[in-house]
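Heads up: the protein sequence lines correspond to chains G and V, in order.
According to UniProt numbering, the first sequence holds residues 1 to 142 in order.
According to UniProt numbering, the second sequence holds residues 1 to 142 in order.
Derived by calculation from the structure, the hints in this document are not laboratory data.
Every residue, glycine too, gets a C-beta built ideally from N, C-alpha and C.
Wrong hints could be hidden among the right ones.
[Stated by the list, open to error] Interface residues of chain G toward chain V, partial, derived using beta-carbon atoms under 10 Å:
hint : residue
1    : 46
2    : 49
3    : 53
4    : 60
5    : 61
6    : 62
7    : 63
8    : 64
9    : 77
10   : 78
11   : 84
12   : 85
13   : 98
14   : 108
15   : 109
16   : 116
[Said to hold, decoys possible] Anything over 10 Å on all C-beta distances counts as not near chain V; from chain G, calculated:
hint : residue
17   : 129
18   : 134
19   : 139
[Claimed, not checked] FRET-style restraints, in silico, Cβ to Cβ:
hint : chain 1 : residue 1 : chain 2 : residue 2 : range
20   : G       : 142       : V       : 6         : 43 to 49 Å
21   : V       : 122       : G       : 28        : 42 to 48 Å
22   : V       : 104       : G       : 60        : 31 to 37 Å
There are 2 protein chains.
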Amino acid sequence: MRLALSAAREAAAAGEVPVGAVVTLAGEVMATSANAPRALNDPTAHAEMLAIRAAAEVLGRERLEDCDLWVTLEPCAMCAGAISHARIARLYYGASDAKGGAVEHGPRFFAQPTCHHRPEVYAGIGAGAAGAMLREFFAARR
Amino acid sequence: MRLALSAAREAAAAGEVPVGAVVTLAGEVMATSANAPRALNDPTAHAEMLAIRAAAEVLGRERLEDCDLWVTLEPCAMCAGAISHARIARLYYGASDAKGGAVEHGPRFFAQPTCHHRPEVYAGIGAGAAGAMLREFFAARR
Chain G
1 MRLALSAARE AAAAGEVPVG AVVTLAGEVM ATSANAPRAL NDPTAHAEML AIRAAAEVLG
61 RERLEDCDLW VTLEPCAMCA GAISHARIAR LYYGASDAKG GAVEHGPRFF AQPTCHHRPE
121 VYAGIGAGAA GAMLREFFAA RR
Chain V
1 MRLALSAARE AAAAGEVPVG AVVTLAGEVM ATSANAPRAL NDPTAHAEML AIRAAAEVLG
61 RERLEDCDLW VTLEPCAMCA GAISHARIAR LYYGASDAKG GAVEHGPRFF AQPTCHHRPE
121 VYAGIGAGAA GAMLREFFAA RR
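Given these sequences and hints, build the entire structure.
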């Protein structure tokens, strides 16, 4: 999660909402990504999406059933869907997102009957640092 | 929708689940994509995602608030989330997807309080052809 937090810090420095994500396989880092929708002109370029796509490319396969995803913020519906499609084994996330989260808020996607793969979910890992970074980012923009 | 159906046909020919998507701006085609998670080793490579990303790249911006999305199948949670992030104005889709859809099934994402942009939704456009293609594809694989 330290790596994901450091990617989130890079996102903030680039003027993006500070979220970072890492995909690991057996404890080894496969991909590290920072949130980058503005820089990439890509509304789908959340940190989780970029990390999943990069890990799938590195591994040369579309399913990451032996991989874990670490992300500093509760995933949104798009990212929760991607996590499920990718068959991620374990999801570790930092801060909760009452406004846009889709794991413990809103659609609670992994609890839906239309969700065909549910990762093990561990919430609140590094939540203090992740939340502080987000609050600071949005406070500076008000 | 004819273009989206033709992209879906290409997906089927490539051994992918037959779904196609088109992004239009003022009636002009910005991007046409076929579902391609296997070919691209990318679990996020649904037709809608590829079309949204391609249109955003063509237009050089991350928001497509003046664009419409045409897709042959009801979008899943991942794609519904992306449609919302991209600020797509109107969503036209073909066949309903009781198993994985997230518009009229499961999370019903656009009706969630955590959904911050809802497109106008028009369902059932070309549903006959889209559904027949999907049934044929899965029947051949049984």
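Hints, one by one, checked against the model:
1. Because the smallest distance between the Cβ of residue 46 of chain G and any Cβ of chain V comes to about 8 Å, under 10 Å, the interface hint for this residue holds.
2. The restraint placing residue 49 of chain G at the interface with chain V holds, with a minimum CB-CB distance near 6 Å, inside the 10 Å limit.
3. Against a cut-off of 10 Å between C-beta atoms, the interface hint on residue 53 of chain G holds, since the closest Cβ of chain V lies about 5 Å away.
4. For residue 60 of chain G, the interface hint holds, the least distance from its beta-carbon to any beta-carbon of chain V being 6 Å, beneath 10 Å.
5. Interface restraint check for residue 61 of chain G: the shortest CB-CB distance to chain V comes to about 6 Å, inside 10 Å, so the restraint holds.
6. Using the Cβ-Cβ criterion of 10 Å, the hint placing residue 62 of chain G at the interface with chain V is satisfied: the shortest such distance is roughly 5 Å.
7. Annotation: residue 63 of chain G was flagged as interfacial toward chain V, and the flag holds, the nearest CB pair being 7 Å apart, inside 10 Å.
8. With a cut of 10 Å, the hint placing residue 64 of chain G at the interface with chain V holds, because the nearest CB-to-CB distance is about 7 Å.
9. Of the supplied interface hints, the one on residue 77 of chain G holds, with its beta-carbon coming within about 4 Å of a beta-carbon of chain V, less than 10 Å.
10. At about 3 Å, the closest approach between the beta carbon of residue 78 of chain G and any beta carbon in chain V falls short of 10 Å, and the interface hint on this residue holds.
11. For residue 84 of chain G, the suggested interface contact is upheld, since its CB lies about 8 Å from the closest CB of chain V, less than 10 Å.
12. Contact between residue 85 of chain G and chain V, as hinted, is supported at the beta carbon level, the nearest pair being about 4 Å apart and thus within 10 Å.
13. For the restraint placing residue 98 of chain G at the interface with chain V, the shortest Cβ-Cβ distance is roughly 8 Å, inside the 10 Å limit, so the hint holds.
14. Because the smallest distance between the Cβ of residue 108 of chain G and any Cβ of chain V comes to about 8 Å, under 10 Å, the interface hint for this residue holds.
15. Because the closest C-beta pair between residue 109 of chain G and chain V is about 5 Å apart, less than 10 Å, the hint holds.
16. Here the hint on residue 116 of chain G is kept, as its CB sits about 7 Å from the closest CB of chain V, short of 10 Å.
17. Residue 129 of chain G, annotated as away from the interface, keeps every beta carbon of chain V farther than 10 Å; the closest lies near 23 Å.
18. The claim that residue 134 of chain G is not at the interface with chain V holds, since no C-beta of that chain comes within 10 Å of its own (minimum 16 Å).
19. For residue 139 of chain G, the shortest C-beta to C-beta distance to chain V comes to about 20 Å, beyond the 10 Å cut-off, and the non-interface label holds.
20. At roughly 48 Å, the beta carbons of residue 142 of chain G and residue 6 of chain V sit within the given window of 43 to 49 Å.
21. The given range of 42 to 48 Å is respected by residue 122 of chain V and residue 28 of chain G, whose C-beta atoms sit roughly 46 Å from each other.
22. For the hinted restraint 31 to 37 Å between residue 104 of chain V and residue 60 of chain G, the CB-CB distance of approximately 36 Å keeps it satisfied.
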